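Asker: Sequence:
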Amino acid sequence: MNILEMNGAAPDQMKRLLVNMMVVFCFCCTFILVRDSFSPAKSKLDENPSVSSGRNEQGKFKILFNGEQIGEEKFQILGDGSNFKASAEIHLTVEREKEKITFRINPSLQFTGLFEPITYQVVQEAGPNKTKARINFKPGRSEVVYETGQGKDSREIELKPDVVVLDDNVFHHYILLAKRYDFLKGGLQEFAAFIPQQFLAGTISVDDKGFERVTLNDKTLSLQHLFVDSGELQFSLWLNERHELLKISVPKSNVEVVRE
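Every letter in the sequence shown is one number past the one before it in the working numbering, and letter 198, counting from 1, is 198.
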């Protein structure tokens, strides 16, 4: 599988990425972002939705490829009104050269009630191999450290205070994206986003397509459809009337993620 590139990313930079599970996976579920110049525009955090202090959430997603389950994600989002933590245990089993390999992914994101990320860490293991990425989000330039058995790679990147963290194969991050969407305002809305494992930053757009009939766990439900466009990939988020994320569809990759 080819290493995915985006506009403005040098090939040698992509090859140096220490944590990129998508090179291994047989499905292409990476959400490639269009690079943003991050001009110093005034923040509109006060106009954006905030996390409800009493809205802790936990659950489990089934991860399907070509209709067959290849993994699951158990997640929880907990907080006290001012600071929140979103974490998960993810297992994915994929076939590589006729051999099945199971990956264990443990992401942990700390963020404020206004969705400003504070810290993020993701640990990935496959057999004896272990990789880690850590990010400290700071005003101006954030610090990113990648670790493998061969050493460390430290970098800095300019990110907006309310950047959305959307990491590879971490699907509960799209719960947070859905919470960021202002349903009262509606229409097409854009968000700054960052993929830590690929060290890629850019913008994505989210548009409310209204309610549609969707089959979920052998039932037909009326769910709200959020259409997400990264410029390189389009996919759908399906939410119930309480705006809880129940399904993610990535037609281009034949991937579906379904909440149990």
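Don't read these hints as lab results, they were simulated from the structure. Treat the hints with caution; some may be incorrect.
In silico BS3-like links for lysine-lysine, alpha-carbon gap of 27 Å or less [stated by the list, open to error]: (1) 60 to 85; (2) 62 to 132; (3) 185 to 62; (4) 209 to 252; (5) 100 to 138; (6) 60 to 138; (7) 132 to 74; (8) 185 to 219; (9) 209 to 219.
Label-pair restraints from in silico Cβ distances [claimed, not checked]: (10) 213 to 156: 45 to 55 Å; (11) 185 to 156: 16 to 26 Å; (12) 188 to 113: 23 to 33 Å; (13) 145 to 220: 42 to 52 Å; (14) 66 to 156: 35 to 45 Å; (15) 127 to 161: 19 to 29 Å; (16) 216 to 190: 46 to 56 Å.
If you're wondering where the values come from, they're calculated on a predicted model, not measured in any experiment. The beta carbon of each residue, even a glycine, is placed where N, CA and C say it ideally should be.
Asker: Please go over all the hints and tell whether each is borne out by the structure.
Answerer: Here's how the hints hold up against the structure:
no. : hint                   : verdict
1   : 60 to 85               : holds, 16 Å
2   : 62 to 132              : holds, 24 Å
3   : 185 to 62              : violated, 31 Å
4   : 209 to 252             : holds, 19 Å
5   : 100 to 138             : violated, 40 Å
6   : 60 to 138              : violated, 31 Å
7   : 132 to 74              : holds, 19 Å
8   : 185 to 219             : violated, 30 Å
9   : 209 to 219             : holds, 21 Å
10  : 213 to 156: 45 to 55 Å : holds, 47 Å
11  : 185 to 156: 16 to 26 Å : violated, 33 Å
12  : 188 to 113: 23 to 33 Å : holds, 25 Å
13  : 145 to 220: 42 to 52 Å : holds, 47 Å
14  : 66 to 156: 35 to 45 Å  : holds, 40 Å
15  : 127 to 161: 19 to 29 Å : violated, 38 Å
16  : 216 to 190: 46 to 56 Å : violated, 28 Å
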